[in-house]
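Given the sequences, and given the hints that come with them, work out the whole structure.
Chains as they are written, first to last, in numbering that gives the first Met the number 0: chain H, 0 to 681; chain U, 0 to 49.
The hints are simulated quantities; they were obtained by calculation from the structure and are not laboratory data.
The model shown is predicted, which means the values in this text are computed figures rather than measured ones.
Mixed in with the good hints, there may be bad ones.
What the hints assert, rightly or not - Sample of chain H residues lacking proximity to chain U, with all beta carbon distances greater than 12 Å (derived):
#1 Arg77
#2 Glu129
#3 Met254
#4 Ala302
#5 Leu333
#6 Glu341
#7 Leu529
#8 Phe560
To be verified - Restricting the straight-line Cα-Cα distance to at most 25 Å, the calculated cross-link-like pairs of lysine to any residue (SDA-like) are:
#9 U:Lys21 <-> H:Val652
#10 H:Lys501 <-> H:Val652
#11 H:Lys646 <-> H:Ala660
#12 H:Lys517 <-> U:Arg27
Every residue gets a Cβ at the ideal spot worked out from N, C-alpha and C, and that includes glycine.
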Amino acid sequence: MENNETERRELRVAFIGNPNCGKTTLFNAYTGANLKVANWPGVTVEKKEGSYKFQGQEFKLIDLPGIYSLTSYTMEERVSRMCILSDEVDVIVDVADASALERNLYLTLQLIELGKPVVMALNMMDIVEERGMEIDLHRMQEMLGIPVIPVSARKKTGLEQLMHAVLHHRDASARHRIEHHHKVGENAQLHAEYALVYSDGIEEEIARLENVFEDRYPDMTNRRWHAIKYLENDSDVMGEFPVESFDPESFESRMINEKYDFIEEVIAEVLVNRDEKSAMTDRIDRVLTHRIWGVPVFLGIMALVFALTFTVGDWLKGYFEAALEVFSDGVSGLLSAVGAGELITSLLVDGIIAGVGGILTFLPNIVILFIALAVLEDSGYMSRVAYVMDGLMGKIGLSGRAFIPMLLGFGCTVPAVMASRALEDKRDRLRTMFVTPFMSCSARLPVYVLLSQMFFGKWAGIAAFSMYVIGLFMAILVALIVSKCSKKYEEHTLLIELPEYKTPNPHTIFIYVWDKVKDYLTKAGTTIFLASIVLWFLLNFNQHGLVSDMGESFAAGIAKFLVPVMKPTGLGYWQIIVALISGIAAKEVVVSSMSVLYGVANISSAEGMAALSGALGSVGFTAVNAYAMMIFVLLYIPCVATLATIKRESGSVKFMLGTMAMQLLTAWIMSALVFNIASLIF
Amino acid sequence: MIPTVILILLIAAWAAFVIIRKVRRARRGIYCDCCDGSCDCCRPKKEKEE
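Given below as structure tokens:
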């Protein structure tokens, strides 16, 4: 065996641990760009593999899904267990969050029971130090019988020591000496061999089963582990190795309790200056996750976010508008000076610069929104939101975990739809994909900012914020209707980790916001650029060539067919219809389109808005129409990228078309309702 | 005339680049503009297991 081990060129190491323990950060620290992403066969659980070289040894690293235990309840657990038990893995690196040792040790004990070489990477040691705690690593190694290596994945410390430990502990028999200080029962010899020894009654049953396995399944390796799993009523093990004559009473809950008793023992001995779960976190959670106040507090926080978006964002927007104006005038002057034709000047200034530039001026608002979302995420609050909404989700027939993808929809619907993969039940996934587009994504924000500032004055922030509330309400309503129409509803439980609150890390927030800014700029330079050109063409040409009046263009011709259909919604204007149609490319293009349609160069400036509201007002477009338009933009067909993602994730064109039709209908009905009722009141 | 032609060519070239980029990314299963396919929001098509 040892010769084979040394002869093997590649050592296969699996990284496993609880979610949010820094496992992937650690994995990425080793593999960098040398990684391959795929899916485990037949399931939607991601598989990451990478390579690494250390002291002349090639390593193949596998990043397994974050799991809390090795039972076989979820797909992630089954996949991880299958991988570890197979020949695919030589050594297991158990990545544990040192600041949440109690929770992480449960998985550690299960991994040790597997009988394969395990090395513990104790991550986030910097947080432990910040809290004034210390961990007696030497004692921990004695109690668990495995190497315990302190690392910080974020700061990239301890990485070589960890690989050194992996390299030198790949032989399962090379264990640490185990030393316990507790009283031993009849099975004293077991305490020298195993980290966790159960009570005498359970150990007798384990021994009995091991004897049965020895007779029945002589090729079985690690009989102890199989016996433990059998006593825990593990369906996979019982199915694979049936023992007809043996009908055990399930010891599962006793064994779980004994594991936790042992964990308490370990914690008591190794953790110095133990920090009882942060009192501050508990105090805050009493308010933020309150049964009644949790949801209003969430809405209040989101209202604050939008207030900031409008106040601070608008102040910064002024500078962007000024810069755009200078740039636009400059380009216009330059083109005139070099004798460029009128048409090309129109394309460049009225089409591209107006369209793309108009979008870029909203960048400050977008940045503020994402800074706020990043702060909420990094502080630990977003997990609370999912927890708080769980009860509500359950009542409307959605899994509690469905709110997490829906929450992502506040940023962008594409990753929100993708995140529905985390839901195991196909019906849940489809339902979540069906309603997620109602969550108002950041691309719609420029539309809300423009219309609300033009028509609602000091109430602009509230008008825009109401779109998010309405979107959430509509998502819940549609989900409820769908669930009532479904024949079967199963209860789901939500298992979610609530990390301790922490001060958001400025670097993390910067990276997150910078990514979003890059996305926004890329979109402006690609999709919006193209859409602006297409739109300019459709607005300036018809079958006879260049038109002097946009009302005779291709776009106007198409849109005018739809005017009677849209009249009941208060949006029966061909220009508005063109803008809405163009929004299917990307929602920001609605603003770009209006800029091009009404010939307003700097649409978000005070002058631009005055010109636009004047033009709209002259055809009877009032605040009521504006609000109806905001609702229409909120609820109607999502952008092409989202549609393509829905089609791919659902595997069905019919489902995608159904989503489109449902959203269009919902948008029409709601806009018509709001427009007609508001028209009676105001 | 010449500046007009140059501008038209530049705009056309950028538009062509954007279209080709979109088509190639869509073939790889990436539908949004933002990422290179390795981030969470969109991924390339599943690779076959070895």
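Do the hints match the structure? See the list:
| no. | hint | result |
| --- | --- | --- |
| 1 | Arg77 | 17 Å, holds |
| 2 | Glu129 | 28 Å, holds |
| 3 | Met254 | 35 Å, holds |
| 4 | Ala302 | 27 Å, holds |
| 5 | Leu333 | 9 Å, violated |
| 6 | Glu341 | 9 Å, violated |
| 7 | Leu529 | 5 Å, violated |
| 8 | Phe560 | 28 Å, holds |
| 9 | U:Lys21 <-> H:Val652 | 20 Å, holds |
| 10 | H:Lys501 <-> H:Val652 | 44 Å, violated |
| 11 | H:Lys646 <-> H:Ala660 | 14 Å, holds |
| 12 | H:Lys517 <-> U:Arg27 | 21 Å, holds |
Hints 5, 6, 7, 10 from the earlier list are contradicted by this structure; the remaining hints agree with it.
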